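J.: Full structure from sequences and hints, please.
Protein chains: 2
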Amino acid sequence: MAKSTSNKVSVPGFLANGVSAGIKGGNQKDLGLIFSTVPAKVAAMLTKNTFRAAPVLIDAERIKRGIARAIITNSGCANAATGKEGMEDALAVSAAAAKQLKIPEEHLLVCSTGVIGKRLPLKKIESGIGKLVKGLNEFGIEDAESAMMTTDKYPKISIRKGIVGARDITICGIAKGAGMIEPNMATLLTYVMTDALIDTKALNTVFHQVIDSTFNSISVDGCMSTNDTAIILANGLAANNPLERAQARLQRFREMLTDVLAELSQAVVKDGEGATKLITVVVEGAKSKSDARRVAYSVANSNLVKTAFFGEDPNWGRIIAAIGASGIPLEREKIGLSIANVNVFSQDTPAVVTLSKLKDVFKGGNIEVRISLGGGDKSYAVYTSDLSYDYVKINADYST
Amino acid sequence: MAKSTSNKVSVPGFLANGVSAGIKGGNQKDLGLIFSTVPAKVAAMLTKNTFRAAPVLIDAERIKRGIARAIITNSGCANAATGKEGMEDALAVSAAAAKQLKIPEEHLLVCSTGVIGKRLPLKKIESGIGKLVKGLNEFGIEDAESAMMTTDKYPKISIRKGIVGARDITICGIAKGAGMIEPNMATLLTYVMTDALIDTKALNTVFHQVIDSTFNSISVDGCMSTNDTAIILANGLAANNPLERAQARLQRFREMLTDVLAELSQAVVKDGEGATKLITVVVEGAKSKSDARRVAYSVANSNLVKTAFFGEDPNWGRIIAAIGASGIPLEREKIGLSIANVNVFSQDTPAVVTLSKLKDVFKGGNIEVRISLGGGDKSYAVYTSDLSYDYVKINADYST
Numbered sequence: 088m089a090k091s092t093s094n095k096v097s098v099p100g101f102l103a104n105g106v107s108a109g110i111k112g113g114n115q116k117d118l119g120l121i122f123s124t125v126p127a128k129v130a131a132m133l134t135k136n137t138f139r140a141a142p143v144l145i146d147a148e149r150i151k152r153g154i155a156r157a158i159i160t161n162s163g164c165a166n167a168a169t170g171k172e173g174m175e176d177a178l179a180v181s182a183a184a185a186k187q188l189k190i191p192e193e194h195l196l197v198c199s200t201g202v203i204g205k206r207l208p209l210k211k212i213e214s215g216i217g218k219l220v221k222g223l224n225e226f227g228i229e230d231a232e233s234a235m236m237t238t239d240k241y242p243k244i245s246i247r248k249g250i251v252g253a254r255d256i257t258i259c260g261i262a263k264g265a266g267m268i269e270p271n272m273a274t275l276l277t278y279v280m281t282d283a284l285i286d287t288k289a290l291n292t293v294f295h296q297v298i299d300s301t302f303n304s305i306s307v308d309g310c311m312s313t314n315d316t317a318i319i320l321a322n323g324l325a326a327n328n329p330l331e332r333a334q335a336r337l338q339r340f341r342e343m344l345t346d347v348l349a350e351l352s353q354a355v356v357k358d359g360e361g362a363t364k365l366i367t368v369v370v371e372g373a374k375s376k377s378d379a380r381r382v383a384y385s386v387a388n389s390n391l392v393k394t395a396f397f398g399e400d401p402n403w404g405r406i407i408a409a410i411g412a413s414g415i416p417l418e419r420e421k422i423g424l425s426i427a428n429v430n431v432f433s434q435d436t437p438a439v440v441t442l443s444k445l446k447d448v449f450k451g452g453n454i455e456v457r458i459s460l461g462g463g464d465k466s467y468a469v470y471t472s473d474l475s476y477d478y479v480k481i482n483a484d485y486s487t
Numbered sequence: 088m089a090k091s092t093s094n095k096v097s098v099p100g101f102l103a104n105g106v107s108a109g110i111k112g113g114n115q116k117d118l119g120l121i122f123s124t125v126p127a128k129v130a131a132m133l134t135k136n137t138f139r140a141a142p143v144l145i146d147a148e149r150i151k152r153g154i155a156r157a158i159i160t161n162s163g164c165a166n167a168a169t170g171k172e173g174m175e176d177a178l179a180v181s182a183a184a185a186k187q188l189k190i191p192e193e194h195l196l197v198c199s200t201g202v203i204g205k206r207l208p209l210k211k212i213e214s215g216i217g218k219l220v221k222g223l224n225e226f227g228i229e230d231a232e233s234a235m236m237t238t239d240k241y242p243k244i245s246i247r248k249g250i251v252g253a254r255d256i257t258i259c260g261i262a263k264g265a266g267m268i269e270p271n272m273a274t275l276l277t278y279v280m281t282d283a284l285i286d287t288k289a290l291n292t293v294f295h296q297v298i299d300s301t302f303n304s305i306s307v308d309g310c311m312s313t314n315d316t317a318i319i320l321a322n323g324l325a326a327n328n329p330l331e332r333a334q335a336r337l338q339r340f341r342e343m344l345t346d347v348l349a350e351l352s353q354a355v356v357k358d359g360e361g362a363t364k365l366i367t368v369v370v371e372g373a374k375s376k377s378d379a380r381r382v383a384y385s386v387a388n389s390n391l392v393k394t395a396f397f398g399e400d401p402n403w404g405r406i407i408a409a410i411g412a413s414g415i416p417l418e419r420e421k422i423g424l425s426i427a428n429v430n431v432f433s434q435d436t437p438a439v440v441t442l443s444k445l446k447d448v449f450k451g452g453n454i455e456v457r458i459s460l461g462g463g464d465k466s467y468a469v470y471t472s473d474l475s476y477d478y479v480k481i482n483a484d485y486s487t
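Residue numbers (this note's numbering), protein chains in the order written: chain A, 88 to 487; chain B, 88 to 487.
No wet-lab data here; the hints were simulated from the structure. Since we're looking at a predicted model, the values are computed, not measured. Using N, Cα and C, we set each Cβ at its ideal position, and we do this for glycine too. A few of these clues could be false.
Just the calculated beta-carbon pair ranges, DEER-fashion [as the list claims (entries may be wrong)]: (1) A:V429 <-> B:R206: 15 to 21 Å; (2) B:T441 <-> A:H295: 41 to 47 Å; (3) A:L442 <-> B:N453: 50 to 56 Å; (4) A:D464 <-> B:S443: 55 to 61 Å.
T.: Okay, here's the thing in structure tokens:
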């Protein structure tokens, strides 16, 4: 799903690096940096959690200016629910990194991921920043990505090149995220680097639209984090004909960005904690998009549906129960359910399907659940994973 | 939690029985009956799921009359999502049982629990009804309860005796339910038998109030079933001074009923699929009861919180994240969190607590999570369980 990464991944005008600062222990990379050689336009979406982490609060202010140059990220500690000290820690990281990078602090964004409620190991980070900055290089994106992994099993990098506004442009995204994945800003950390020349307003609009149809349409466990952050930096070095809102050429940029973020968001679900399957829940025929979304999430977040998929137990009645539990007024006679193109239920009656066929359907690694509500023309698709022993294992002993 | 049951459990004027009709295989009891020797007042709460099972649709009509005498229940098959045939099957069971019992069909309630989407094995049930009715006896409540168990590990029976309206009355409740437990009619099957003499309107009001504070305040997995049913039958044989609405003596009845249903609903959570702990989430200081409830369920239904409790991993930051993800406007400076009376977080800052103390807190079998929002005087309490390997195991291979 996520591209196999080679050392050749790079975006014109971007340097990156990732090092071990000893936050996670061993020699694991845990401190990463992305740096644009020139000031870049920035847009972002941040978690709506009341307990936004200290770095998220800082970024929320800085992003308002529309300009940024660098993102420093640590894993191993979320610096959330850490009070005033946590804010002071985040500002100290920011000051140290900006100084080394010789940029205004306001142009630096700070991100953290890991355990909530623990103080940052500030000394370790401060002493790691030197080698982090010194090692910045054109092909360091993969290292920066590694440094932000927590329970992720594999790196998530996606890159597209294409002609936009009469010039070759590159869009490259990286993401981390394996648990605490929830629709309402289900991003954890996602950074996109592009050399496209684009107006701030256009960047903001397109980024929000694309995030809505990609990272905001996935779920692993229905848990919204304190640190979810999606950032795009556009440094304009491609010198293409500028992209502005309502321009036809913006469409091509939107498509490329959608490709990148769809690939990354599906990689996050596939790498969902303990996940063994990618399940796509498509709801169509709804009166409104929000109805379609609510039904899709009622199914996608059902532990009973997710465990049935894990066990490859063709217990489709749980999907019917989850549809009916969505709280949306529905006409049961009009509802249809098919799984992997096999009609399972319609006109309030189970279809005639053999058990062996149903078992086969549940055995797939990539399963589409299609639900038609028969009440309108709106639709919504959500990507989710199954619920396995390993999800419990990973999460029963995470902080200690 | 649930009373250890003896063969002495009985309620004046009620007969009961439970037999094996071969639905579940082996000699497991799977067909149960409760019968009042005289017509009883009835009140009920039924699932709000769009895909209410056939028996629930039948009961919804019959309960409107306010009078019932018997409840027949099968386990092993929910008779939900079974279309017209499912309705015909349920009516056939009803006709056969009413005939044997020599009562009008409208006085019989029908309940089913088990796998969704499978037809009832009608012949087995019809041929089991003979011995079921023949064996009705004063001390058969325990057998009737056994017959409705699915993944339940132990029976759930609660009984209270007391003086109400100048006479001794008895209230006895039985419940089944181990998974698919969700607030919005989180009852699965619960039947209450009482010999109290009570007006239909008063019965209805009190029953709904008490269910709201007991069965509608628990969660195992946030999944609302197609078959949830709570029924109370009051046969009046105690000949107490009649209980009517707005009467002082109704309060004593309410208290006894609350005791019975609180005990049963907590037993359901403790026996939650794979549960190893009972977790009480109390939210106070909310602007409204519905705000308090929403925060409580955001925490109680968080897979990350539930796995942390299972693993006895003192990852309290996940509780903070779940509070912040509730979608309610909150002032983070005013929020306080304590676990088992240990202050963990307040004034947007973690409390100074040693890790060993926190670990002890998470080791309890019965843990209270107390959250104060500092924004009002409304509160709500929810009972939930942890999320274990066994939840996944039980649910990954249920239907086949």
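J.: State for each hint whether it applies.
T.: Each hint tested on the structure:
The hint said 15 to 21 Å for the Cβ distance between V429 of chain A and R206 of chain B, and at roughly 19 Å that hint holds. Evaluation of the 41 to 47 Å hint for T441 of chain B and H295 of chain A yields a pass: the beta carbon distance comes to about 44 Å. A beta carbon spacing of about 42 Å between L442 of chain A and N453 of chain B contradicts the range 50 to 56 Å that was offered as a hint. Here the CB-CB span from D464 of chain A to S443 of chain B is close to 59 Å, well matched to the stated 55 to 61 Å.
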